[in-house]
Amino acid sequence: MASDDFNRIDSSILGPNWFAQCGRLGVRDAEVFLVFVTTESGHPGTSYYIGVVPPNDQYSQVEVRAIGANLYRGATVRGSGYLVTAPVAAVHQGNVYVIFWASSGAGQGLYKYVAGVPTLIQAITPAALAVGDVIRLNIVGTTLQCFLNNVQQGTDQTDASLAAGNPGITSSQIVAGIVLDNWQGGAIPSSWFPIQVRSGRTIPQLVASGMSG
Amino acid sequence: MRQVTFALTALILLAFTTLAEAQLAVRFYLVPKVVVTLPFGDVLVPKYTQPGDLGVGWDLDNRWSAMDYGLEDLFLLAVDNTPAEHTSLAAQVDVIAVPSPISDNVSAAAVSVIQTRLEGANLPASWVTTGHTYQQVLAIVGRVVAFAQAYHGQHNLPLFTGGATLNTQINQIPQAARQRLQSTAQSLNLDYSSVTSTTTIRQVLLLIAQQMPGFTLRGVQF
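Residue numbers (my numbering), protein chains in the order written: chain A, 1 to 213; chain R, 1 to 222.
If you are wondering where the hints come from, they were derived from the structure by calculation, not from laboratory data. Be careful, since some hints might not be right.
Simulated DEER-style distance windows between Cβ atoms [claimed, not checked]:
| # | chain 1 | residue 1 | chain 2 | residue 2 | range |
| --- | --- | --- | --- | --- | --- |
| 1 | A | Val52 | R | Ser183 | 25 to 31 angstroms |
| 2 | A | Ser190 | R | Leu24 | 34 to 40 angstroms |
| 3 | R | Val35 | A | Ser80 | 19 to 25 angstroms |
| 4 | R | Gln92 | A | Val131 | 39 to 45 angstroms |
| 5 | A | Ala127 | R | Gly57 | 20 to 26 angstroms |
Sample of chain R residues with no beta-carbon within 10 angstroms of chain A, all distances over it, derived [stated by the list, open to error]:
| # | residue |
| --- | --- |
| 6 | Pro32 |
| 7 | Thr87 |
| 8 | Ala91 |
| 9 | Thr130 |
| 10 | Thr161 |
| 11 | Arg180 |
Not close to chain A: a few residues of chain R, all C-beta gaps over 12 angstroms, as computed [to be verified]:
| # | residue |
| --- | --- |
| 12 | Val45 |
| 13 | Pro46 |
| 14 | Thr82 |
| 15 | Glu85 |
| 16 | His86 |
| 17 | Val98 |
| 18 | Pro99 |
| 19 | Gln136 |
| 20 | Val145 |
| 21 | Phe160 |
| 22 | Gly162 |
| 23 | Pro174 |
| 24 | Gln182 |
Ideal placement from N, C-alpha and C gives every residue a C-beta, glycine not left out.
Chain A with its partners taken away, still in its complex shape (with noise of 0.2 angstroms):
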């Protein structure tokens, strides 16, 4: 497990942990400062850390400093790419799992990026979302599972589009300002087990002689 308190002096960078896979985020006041707003584009902050190499089932979980109406906050699970363009990449190109939340706001839920091209696979909307609150992302095998304060919200995910990545956080709103504190992610602890993962069930027998379509 990976933890980042974020006490330390200010910087423009999360630090030589993490990896700026949009936009800018920073730290100030020992927290996640948003620095860099792709107004243009509207793509979130999103960083991933790269302090350790994780197992492919992993969580990330964050705290939420700030929170209004279409300020989006969130957990990221299985983030890889982009090279990020200096400064700053204006625009996600990259792969992650994307919770987003925020205290009110259209298109909350559980996204994908892929190759940067955002998809809502689920559509999940906490109670009200408040400052102080924990947001959690776990991924087992292609089971997504999104938490708010330890309470699971919305129903078990499958989605096989990354099989691979790194834990982060991400966060977007409309002007700069602190966002996010205590981050951890990495392998789920097997406190957390048994996760319910899918077992599948009987399926036809389709091609098992003679290849028939």
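Once you have looked at the hints, place chain R on chain A.
Here is chain R on its own, set in the frame of chain A:
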């Protein structure tokens, strides 16, 4: 008197709410993709899942989950909806609505309809008979969809390019495309050894679907 009226109103509202919730059932559909603009950018979503999509008052809220068919223009959509919402959704010409309960066998009248509509969406379905349940049909569809997702994630390409169809043989697609299919299957630890040059894409997808792990959509295991 005012208190009595308030209490009665509350009871009636509660009754309607309870009735509406009791009518909710998870139902499955195949729908196209659309792009919507959200505060953080343009996003692909299943068609008809956004407020107002089917008129004033239409709002599926957070009652849906979906699996996209990779880069093909299709979602497998599950919705906890009311019968009225189901009727509205099923009436759309670009929606394939799966009859419920999905534990029922495919009816004789539905076989050819399912085959035609699924194959029209590049999903192999010539195997469907009245001996299969709708859940078994969805189980194969979802596995093919999941494979397409992996293919998309690894190659950022759709399964069907250059005019390829379900009937296209492996030896009729470019070498690079053959390698992409094989490498994606192998990355998922699937046995690809029975695929030959004359195997059709339909047969490849069914071979793969039978080896893919199960999946869960909106709480239903397949």
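| message | A cut-off of 12 angstroms on Cβ-Cβ distance, and Gly162 (chain R) was said to be off the interface with chain A. Does that hold? | response | 20 angstroms, holds
| Given as non-interface: Thr87 (chain R), partner chain A, CB spacing beyond 10 angstroms | 21 angstroms, holds
| field | 34 to 40 angstroms as the expected CB spacing between Leu24 (chain R) and Ser190 (chain A), which holds or is violated | value | 36 angstroms, holds
| Ala91 (chain R) remote from chain A - nearest C-beta pair above 10 angstroms | Given a closest Cβ separation of 22 angstroms, the condition holds.
| Claimed clearance of chain A by Pro32 (chain R), with the beta carbon kept past 10 angstroms | The assertion about Pro32 (chain R) holds, with a minimum of 13 angstroms to chain A.
| Outcome for the supplied range 19 to 25 angstroms, where the beta carbon pair is Val35 (chain R) and Ser80 (chain A) | 24 angstroms, holds
| If you check the beta carbons of Gln92 (chain R) and Val131 (chain A), does the distance land in 39 to 45 angstroms? | Given range 39 to 45 angstroms: holds, Cβ gap about 42 angstroms.
| So is Phe160 (chain R) really clear of chain A, every C-beta pair being over 12 angstroms apart? | With a cut-off of 12 angstroms, Phe160 (chain R) remains clear of chain A, as the shortest Cβ separation is near 16 angstroms.
| message | Range first: 25 to 31 angstroms. Now tell me if the beta carbons of Val52 (chain A) and Ser183 (chain R) are that far apart. | response | Holds, at about 28 angstroms.
| Cβ separation of Ala127 (chain A) and Gly57 (chain R), checked against the hinted range 20 to 26 angstroms | At 23 angstroms between Cβs, range holds.
| message | Is the claim that Arg180 (chain R) lies outside the interface with chain A correct, judged by CB distances over 10 angstroms? | response | 15 angstroms, holds
| query | Non-interface claim for Thr82 (chain R): all C-beta distances to chain A beyond 12 angstroms? | reply | 16 angstroms, holds
When the structure is compared with the earlier hints, violations turn up for hints 12, 13, 19, 20 and for no others.
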